[in-house]
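*Asks:* Here is how the chains run, residue by residue.
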Amino acid sequence: MQTKKTLRSQIRPFFSLWYKRVRRSPVGTTGMIMFLAVLIVAVFAPWIATHDPMKIDITNRFTPPVFQDGGTWANILGTDQLGRDIWSQLAYGSRLSLQIGVLSVGFSFMIGVSLGLVAGWYGGIIDTILMRIVDVLQSIPSIVVLMALIAVLGPSVQTIIIVFSLTWWRTYSRIVRGETMQAKTIDYVQAARAVGVNDLRIMFKHIMPNVIQSSLALATVSVATVVMAESALSFLGLGPQDAVTWGRMVAYGREYVATSWWMAVLPGLAIAFTVLGIVFLGDWVRDILDPKLRGT
Amino acid sequence: MAQPAETVVDRPESEQDLVVVRNMKKYFPITGGVFQRVMGWVKAVDDVSFNIQEGETLGLVGESGCGKTTCGRVLLRLLEPTDGEVIFQGQEVFKMRRENLRRLRRDMQIVFQDPYASLNPRMTVGEIVGEPLRIHGVGSRSERRERIQQLLETVGLRALHSVRYPHEFSGGQRQRIGVARALALNPKLMVLDEPVSALDVSIQSQVLNLLEDLQQEFSLTYLFIAHDLSVVRHISDRVAVMYLGQLVELAAKETLFDNPQHPYSQALLSAIPVADPEIQRGRRRIVLEGDVPSPSNPPSGCHFRTRCRHAMPQCAEEKPPFRDYGDHHFVACWLLE
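So the protein sequences, as listed, match chains A and B.
The first sequence begins at 1 in this note's numbering and counts up by one.
The second sequence begins at 1 in this note's numbering and counts up by one.
Read the hints as simulated data drawn from the structure, not as lab findings.
Some clues are possibly wrong.
Taking lysine-lysine pairs in the DSBU-like style, the calculated list, with each CA pair at most 35 Å apart, reads [stated by the list, open to error]:
hint: 1; chain 1: A; residue 1: K184; chain 2: A; residue 2: K55
hint: 2; chain 1: A; residue 1: K205; chain 2: A; residue 2: K292
hint: 3; chain 1: B; residue 1: K253; chain 2: A; residue 2: K205
hint: 4; chain 1: B; residue 1: K253; chain 2: B; residue 2: K25
hint: 5; chain 1: A; residue 1: K205; chain 2: B; residue 2: K188
hint: 6; chain 1: A; residue 1: K205; chain 2: B; residue 2: K25
hint: 7; chain 1: B; residue 1: K253; chain 2: B; residue 2: K188
hint: 8; chain 1: A; residue 1: K205; chain 2: A; residue 2: K184
hint: 9; chain 1: B; residue 1: K95; chain 2: B; residue 2: K25
hint: 10; chain 1: B; residue 1: K95; chain 2: B; residue 2: K188
hint: 11; chain 1: B; residue 1: K188; chain 2: A; residue 2: K184
hint: 12; chain 1: B; residue 1: K95; chain 2: A; residue 2: K184
hint: 13; chain 1: B; residue 1: K95; chain 2: A; residue 2: K205
hint: 14; chain 1: B; residue 1: K253; chain 2: B; residue 2: K95
hint: 15; chain 1: B; residue 1: K25; chain 2: B; residue 2: K188
One-sided and incomplete, this derived list gives chain B residues near chain A with beta-carbon spacing under 8 Å [as the list claims (entries may be wrong)]:
hint: 16; residue: E54
hint: 17; residue: L78
hint: 18; residue: T82
hint: 19; residue: I110
hint: 20; residue: F112
hint: 21; residue: D114
hint: 22; residue: L119
hint: 23; residue: N120
hint: 24; residue: R147
hint: 25; residue: Y165
By construction, the Cβ of each residue, glycine as well, lies at the ideal position given by its N, Cα and C atoms.
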């Protein structure tokens, strides 16, 4: 009885806090729901899909979605040029697209922010070397780098994630470096030095939370760019083989957009939906991280 | 530039010195051009020597840009010195390696001018005040929490404030948090870098009183940097006057305020208004002509000579020695030679 009571009294404030935050940030909640929806589809794709996404059915090509003339319930969102079911492709495609989008951006964000902090904090020769590397990366067309790396590593999901992580960090490090250089002269950083805080803790505890805002915003939007970039690679035959991704669906669907709009538009909408969810979520995360907006 | 072969300095040192500063210099490079070549140097602190006795408050005054803040930061080695030495309790601060320096941080602390910039907006007050304890591994988690609450109460805040964030406090309260942080490790020396100049006058006196009480209670030694002469007069035991990177005068407070010797100190002190209008009307203010010369290209000899009423040919040729003219009254001026 006693334990039950204390347990409940511990749980209740937790939920009411959640409730408060949801109320305070309807946008964030929407984002959360959107992102969770995509996540659920990705996880439960085998149960949600109505067909094998790769199964070709030549007699059933270019079937429109059910809500359009000629559509059938057999293929709710229609079929593509090879008669593959669009809905099933979307469901399975979410897996790879999410993986590629979120992981590539996540890794490149971590690499970029860390290197930016190091460059901005230490300055001097370290800064010069890192920023020259960024310049070089920026001056080489990324598609060439991608093709070279994929040629070496072989096309696979892991390769794509590695390749994107290694080419996309530069933007974050540029931004973070600049803001770090500003932040390191602020008194609270000097106060931390005066107390004897080591460099690593100053960088990650004192500077980072105050400089990642713009990078975080950029990162959420970048998810869309990466999903589309993957489609460009797939288009060139450099993407993961034998796999469905949203980017690839858009890329192939584009040829038929005049006659069978659903092939390109529906995966495009899926990408937009996911990215919007992530952007909203990013807003929310930023608000949570900012004590001024967090309230009590 | 013709430097005298030997600068004559009767070093102001004695037995009870907590800190001795000798010939401290800090030059900042000016870079320019395509290759970021060093084009010149800003001599922010140029050959400064002074001492701080245990338990006293040394006021350091001077106008904006004269190098007083730099002076304090180099002293704590928040900035790397160009030259000179600082001896703190018999240890040479400028020669310390990383680990020793970290230990030294427990004994020397700083309170900053801007209460808004000096607290990390993303840390709670408890985290801010507790960080020094954490970094130096003082006590267990619960002991630290207790110490944090005790510190907050010592500076006139409440224990429950530890869970709040800096933006929830006023300027004066924030400055108290900064003081609590500096106090956390029981330092011996505190550099107070214009700790009240960003506050309202009514709050100023509260914070000043707090600082005085703390000094009594924890036998602290203060280096009080300020441009507000009445504040310095209130809190200091001795006062040093700085002009363009150099000390021009150093004396006990009464001596300096009643009987300033250096022409710059005289001009500076004549600017303090007197509360009695009768006296105020009859006073003569010494108004300095022109601007402070650039610290990257200071005048030869005495830095003050370009604005001095008494400038003599000798002033341009040689830098006047910073010398004791009796009763520990140090002045750098040829008039007194």
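*Asks:* Now tell me, hint by hint, if it's right for this structure.
*Replies:* The hints, checked one at a time:
no. : hint             : in the structure
1   : A:K184 to A:K55  : violated, 58 Å
2   : A:K205 to A:K292 : holds, 18 Å
3   : B:K253 to A:K205 : violated, 43 Å
4   : B:K253 to B:K25  : holds, 25 Å
5   : A:K205 to B:K188 : holds, 27 Å
6   : A:K205 to B:K25  : holds, 32 Å
7   : B:K253 to B:K188 : holds, 22 Å
8   : A:K205 to A:K184 : holds, 12 Å
9   : B:K95 to B:K25   : holds, 15 Å
10  : B:K95 to B:K188  : holds, 20 Å
11  : B:K188 to A:K184 : holds, 26 Å
12  : B:K95 to A:K184  : holds, 24 Å
13  : B:K95 to A:K205  : holds, 29 Å
14  : B:K253 to B:K95  : holds, 32 Å
15  : B:K25 to B:K188  : holds, 24 Å
16  : E54              : violated, 21 Å
17  : L78              : holds, 6 Å
18  : T82              : violated, 17 Å
19  : I110             : holds, 5 Å
20  : F112             : holds, 4 Å
21  : D114             : holds, 6 Å
22  : L119             : holds, 6 Å
23  : N120             : holds, 4 Å
24  : R147             : violated, 14 Å
25  : Y165             : holds, 4 Å
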